[in-house]
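My request is simple: use the sequences and hints to build the entire structure.
Protein chains: 2
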Amino acid sequence: MARTGRRRGDGGTRAAILEAARASFARAGYDATSVRGIARDAGVDPALVLHYFGSKAQVFAAALQFPVDPLSIAGRLAAADPERRGEALVRLFLGVWAEPGNRRAIEALLRSAVSNEQAAAMLREFLGRVMAVEVAGRLVDGNPLRPLLIGAQLAGLAMLRYVVRVEPLASCPDEVLVAALAPTIQRYMTGDLPAPEGARP
Amino acid sequence: MARTGRRRGDGGTRAAILEAARASFARAGYDATSVRGIARDAGVDPALVLHYFGSKAQVFAAALQFPVDPLSIAGRLAAADPERRGEALVRLFLGVWAEPGNRRAIEALLRSAVSNEQAAAMLREFLGRVMAVEVAGRLVDGNPLRPLLIGAQLAGLAMLRYVVRVEPLASCPDEVLVAALAPTIQRYMTGDLPAPEGARP
Numbered sequence: 003m004a005r006t007g008r009r010r011g012d013g014g015t016r017a018a019i020l021e022a023a024r025a026s027f028a029r030a031g032y033d034a035t036s037v038r039g040i041a042r043d044a045g046v047d048p049a050l051v052l053h054y055f056g057s058k059a060q061v062f063a064a065a066l067q068f069p070v071d072p073l074s075i076a077g078r079l080a081a082a083d084p085e086r087r088g089e090a091l092v093r094l095f096l097g098v099w100a101e102p103g104n105r106r107a108i109e110a111l112l113r114s115a116v117s118n119e120q121a122a123a124m125l126r127e128f129l130g131r132v133m134a135v136e137v138a139g140r141l142v143d144g145n146p147l148r149p150l151l152i153g154a155q156l157a158g159l160a161m162l163r164y165v166v167r168v169e170p171l172a173s174c175p176d177e178v179l180v181a182a183l184a185p186t187i188q189r190y191m192t193g194d195l196p197a198p199e200g201a202r203p
Numbered sequence: 003m004a005r006t007g008r009r010r011g012d013g014g015t016r017a018a019i020l021e022a023a024r025a026s027f028a029r030a031g032y033d034a035t036s037v038r039g040i041a042r043d044a045g046v047d048p049a050l051v052l053h054y055f056g057s058k059a060q061v062f063a064a065a066l067q068f069p070v071d072p073l074s075i076a077g078r079l080a081a082a083d084p085e086r087r088g089e090a091l092v093r094l095f096l097g098v099w100a101e102p103g104n105r106r107a108i109e110a111l112l113r114s115a116v117s118n119e120q121a122a123a124m125l126r127e128f129l130g131r132v133m134a135v136e137v138a139g140r141l142v143d144g145n146p147l148r149p150l151l152i153g154a155q156l157a158g159l160a161m162l163r164y165v166v167r168v169e170p171l172a173s174c175p176d177e178v179l180v181a182a183l184a185p186t187i188q189r190y191m192t193g194d195l196p197a198p199e200g201a202r203p
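Protein sequences, first through last, are from chains A and B.
Residue 3 is where the first sequence starts when you use our numbering, and the numbers rise one by one after that.
Residue 3 is where the second sequence starts when you use our numbering, and the numbers rise one by one after that.
Rather than coming from a laboratory, the hints here were simulated on the basis of the structure.
Just so it is clear, the structure is predicted and the values come from calculations on it, not from any experiment.
All C-beta atoms, glycine included, are put in the ideal place defined by N, C-alpha and C.
Check the hints yourself; a few may be wrong.
Which residues of chain B face chain A? A few of them, derived with a C-beta cut under 7 Å, are [as the list claims (entries may be wrong)]:
(1) Arg126
(2) Gly130
(3) Leu151
(4) Pro170
(5) Cys174
(6) Ala181
Printed below as a string of structure tokens:
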């Protein structure tokens, strides 16, 4: 694992890591990709990958150009009162979409996922492995339906409010949506829910 | 409004009505389209349009090739106990998506809405005017957020379960989803919700 002799500016190193990461996540998926393998393909030390990005999940987010850091979301939710995490998540979600730059980045991701099967597979893997398992999985019990029900409610909201822009949802103040949605998300996080018996894992 | 002298078989008449309807809904929107205008453009008596389709909302559903009759959904929900309409709607929704023919039709609608702005506008109008107002508006109080929150939850579910096919949501038995989602939908139908003050109508 010695450093190679290549010398590059910070920008070049970061870009080489992201390029190697994108290729590996697309080819091998999240589980079979390692920080060590990305570092080897990029010709850098694994410590440098962690120095730039923090973790495998964060390299994946950066490789996808996902506009928010999944572990910072997880940290902010973990810091909230467990009985108010539903509300905290709705606020975080609306805050991310309210930023025009974030919104454009997410819409670009969705557009490429709709038109390109490899991009779709990477986004599916990111949502299923990183957002549902690494982020949400740490905050709820082991019922794997919980993060997916939360994802379904928030994805559908984003579609109608920000993409299709149906009124009065599109111009509805955030606080009204927080009051409407927080109890739903809180129940999916901590309420009584059946386990998905009979489903494939 | 006299009948024209044209003679056509049933199939030809039905097709001519749908063609005139599609052109008018696309050009003028739902509110400015009338059964009378569609009949005139198709060269038939307005009574024949109603005979074939039942109502303007139903002509619109047929013109879009929407696979279920919105008024039959409204009728089945209206027949259910008001406190169990959430459950009834989740069952109806899962039943529509479980039919491969319906699923293909909805996916074709979504694909053309993604790639074609006029198709997107018609689908938006159909969901906003027909499904939210004509169907859901008859079953809930006047808060216009109610049908949109229901639509957001169900659209997000369909996206993750049937389009992206994330496990364990994709293979989860219907009954588990009914138990998980019915309380959400019931609350959006009849529970305490803030009104969308400050939103555009």
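Right, here's what the structure says about each hint:
1. Arg126: Interface hint status for arginine 126 of chain B: holds (6 Å vs cutoff 7 Å).
2. Gly130: Glycine 130 of chain B check passes; min Cβ-Cβ to chain A is 5 Å, inside 7 Å.
3. Leu151: Holds - the Cβ of leucine 151 of chain B comes within 7 Å of chain A, reaching about 6 Å at its closest.
4. Pro170: Proline 170 of chain B check passes; min Cβ-Cβ to chain A is 4 Å, inside 7 Å.
5. Cys174: Cβ of cysteine 174 of chain B sits 4 Å from chain A, so the hint holds.
6. Ala181: 5 Å, holds
Checked against the numbered hints given earlier, the structure satisfies every one of them.
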